[in-house]
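Asks: Chain by chain, the residues run as shown.
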Amino acid sequence: MKSDSDHIKWLIEEAVTYKEFLKHWLEPSNLERLRPRLAFQTGVLAGFALIASFLLGVTHCSTHDAIQQRLDEDLQKSLAEVVPSTLHDNDLLQDTVTVPSTEDNLGANETTVYIARKAGQVSAVCFKLAAPDGYSGIINMVIGINRDGEILGVRVINHAETPGLGDKIEIAKSGWILDFNGRSLLGLTDAQWAVKKDGGVFDQFAGATITPRAVVKTVHRGLQFFNRHRNELIGS
Amino acid sequence: MFISESYRKIMRDGIWDNNIVFSQYLALCPLLAVTVTATNGLGMGLATLAVLISTNAIVSVTRHLIPSEVRIPIFVLLIAAVVTVVDMLMDAWLHELHKVLGLFIPLIVTNCAILGRAESFASRQPVAPSLWDGLMMGLGFTMALVVLGAAREIASAGTLFANASLLLGDRFKFIELTLIPDYKGFLLMALPPGGFIMLAFIITGKRLLDRKRVANKAQAALLSEAIPEEIR
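Top to bottom, those sequences are chains A and B.
When you line the first sequence up against the numbering used here, it's residues 1 to 236, in that order.
When you line the second sequence up against the numbering used here, it's residues 1 to 232, in that order.
Isolated chain A (complex conformation) (with noise of 0.2 Å):
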């Protein structure tokens, strides 16, 4: 027992040496002569970066868990809007395929399909799909189909079209993008997928075509891409 108290007494004695050389080291006067000297200038630096570095990670880590969940959050209500609750008993984000998806140029390499699933069978899948060629910039997308390869819904995620022009492809907006429920490769030939001023059956909006005719084309795209695989997703 004596050794330890004398232990604790030789940690506090160190303690505050080490208190008083770091208190005349931080005195102004002290810091002024040491300012301009390189290795102290380097040194200061590097400090701060590790500081800096220190704050960052602990933050990250901190944050990491809860900026998931809402990410988890948001695709769970933008898959939801999509196919309705009513189609499925399985969870979607826990049932998923990931299909190559280079060729079909719906804005990622490898395209996550997440499986609606009734009593087993699968009933609809649902997938991220975006616009490359939006008026401004990429318009991101997630489009629901039911197993006979009709579209069950199509909502735009994200977008940075022109606000009260191309912006009336938001469902808060306007109702166009509803027109895409029921639709199929069956019920329309490949050309009458197209704004109408393209000769197809979708309405354009005054003083915008680039936004609406962009949209249609990708989830005309979106829908083949899904015929091209219906059987393996179908079937698993």
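Calculated from the structure, these hints are not laboratory results.
Keep in mind that the hints are not guaranteed to be accurate.
[What the hints assert, rightly or not] Straight-line C-alpha distance at most 25 Å; calculated BS3-like pairs for lysine-lysine:
#1 K77(A) <-> K19(A)
#2 K173(B) <-> K77(A)
#3 K217(A) <-> K128(A)
#4 K128(A) <-> K99(B)
#5 K217(A) <-> K196(A)
#6 K9(A) <-> K19(A)
#7 K206(B) <-> K217(B)
#8 K173(A) <-> K173(B)
#9 K173(B) <-> K184(B)
#10 K118(A) <-> K128(A)
#11 K173(A) <-> K197(A)
#12 K173(A) <-> K196(A)
#13 K99(B) <-> K77(A)
#14 K9(A) <-> K23(A)
#15 K173(A) <-> K118(A)
#16 K173(A) <-> K99(B)
#17 K217(A) <-> K197(A)
#18 K173(A) <-> K184(B)
[Said to hold, decoys possible] Computed list of chain B residues with no C-beta within reach of chain A, every gap over 10 Å:
#19 D17
#20 L32
#21 A50
#22 V70
#23 H95
#24 V109
#25 R124
#26 D170
#27 I202
#28 V214
#29 K217
[Stated by the list, open to error] Taking CB as the label site, the calculated pair distances span:
#30 F174(B) <-> S136(A): 27 to 37 Å
#31 Y25(B) <-> L50(A): 28 to 38 Å
#32 E14(A) <-> H64(B): 19 to 29 Å
#33 R228(A) <-> E96(B): 29 to 39 Å
#34 K77(A) <-> R213(B): 48 to 58 Å
The beta-carbon is built from N, C-alpha and C at its ideal position, and this holds for glycine as well.
Since the structure of chain A is already known, use the hints to place chain B on it.
Replies: Structure of chain B alone, referenced to chain A:
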């Protein structure tokens, strides 16, 4: 007043006389991009306020350590780190707002006003005035963003503080107002050029006010000189 004259001056500078937007004309890039609505302005303003207070405090605490030769890299490093921390915290806890502002939060790093306060104030002053300066400059900036955002929102959509509950919680649902029902919308004001136009109106208004104030002061001084002490 219970605060001393120097603190009052910092307050006046930050909020009005030396306001980041209306007098220094700094940080116009994030300003014009974000202020489509008053809520966005408020969110961006508060994020900037948090960054400004933190960086001012850190720079002021370590001001004797920082050699003037390497001060700019250190300031930029600190600001970038703090902004990234704010960005991550907002993504985790204010996710809906982060989706709207997400693109612009990293832009706070390039907000020259923050570097400017670190350089011209925090690196020369003790911690308490630096904190106060960060708070006041940040409040002035927030005020500018909210005023500009509100003006543009009313002109472009006829609403005020739309979606404010995303930022402040559902208790603040009551400040979401529709000022002009069935408004057809005025697209120009939602686009960046509209921001410039509206900003010009606000700055003109402020300068007219300032001029009037100076004139009033001069007149008062003239009067007090002209009238002998006994009569007054």
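Asks: Next step is simple, just say for each hint if it's right about the structure.
Replies: Tested hints:
no. : hint                            : verdict
1   : K77(A) <-> K19(A)               : 55 Å, violated
2   : K173(B) <-> K77(A)              : 22 Å, holds
3   : K217(A) <-> K128(A)             : 15 Å, holds
4   : K128(A) <-> K99(B)              : 18 Å, holds
5   : K217(A) <-> K196(A)             : 13 Å, holds
6   : K9(A) <-> K19(A)                : 15 Å, holds
7   : K206(B) <-> K217(B)             : 17 Å, holds
8   : K173(A) <-> K173(B)             : 21 Å, holds
9   : K173(B) <-> K184(B)             : 23 Å, holds
10  : K118(A) <-> K128(A)             : 21 Å, holds
11  : K173(A) <-> K197(A)             : 22 Å, holds
12  : K173(A) <-> K196(A)             : 21 Å, holds
13  : K99(B) <-> K77(A)               : 14 Å, holds
14  : K9(A) <-> K23(A)                : 21 Å, holds
15  : K173(A) <-> K118(A)             : 33 Å, violated
16  : K173(A) <-> K99(B)              : 18 Å, holds
17  : K217(A) <-> K197(A)             : 13 Å, holds
18  : K173(A) <-> K184(B)             : 13 Å, holds
19  : D17                             : 31 Å, holds
20  : L32                             : 14 Å, holds
21  : A50                             : 13 Å, holds
22  : V70                             : 5 Å, violated
23  : H95                             : 4 Å, violated
24  : V109                            : 12 Å, holds
25  : R124                            : 13 Å, holds
26  : D170                            : 17 Å, holds
27  : I202                            : 22 Å, holds
28  : V214                            : 40 Å, holds
29  : K217                            : 40 Å, holds
30  : F174(B) <-> S136(A): 27 to 37 Å : 35 Å, holds
31  : Y25(B) <-> L50(A): 28 to 38 Å   : 36 Å, holds
32  : E14(A) <-> H64(B): 19 to 29 Å   : 26 Å, holds
33  : R228(A) <-> E96(B): 29 to 39 Å  : 37 Å, holds
34  : K77(A) <-> R213(B): 48 to 58 Å  : 52 Å, holds
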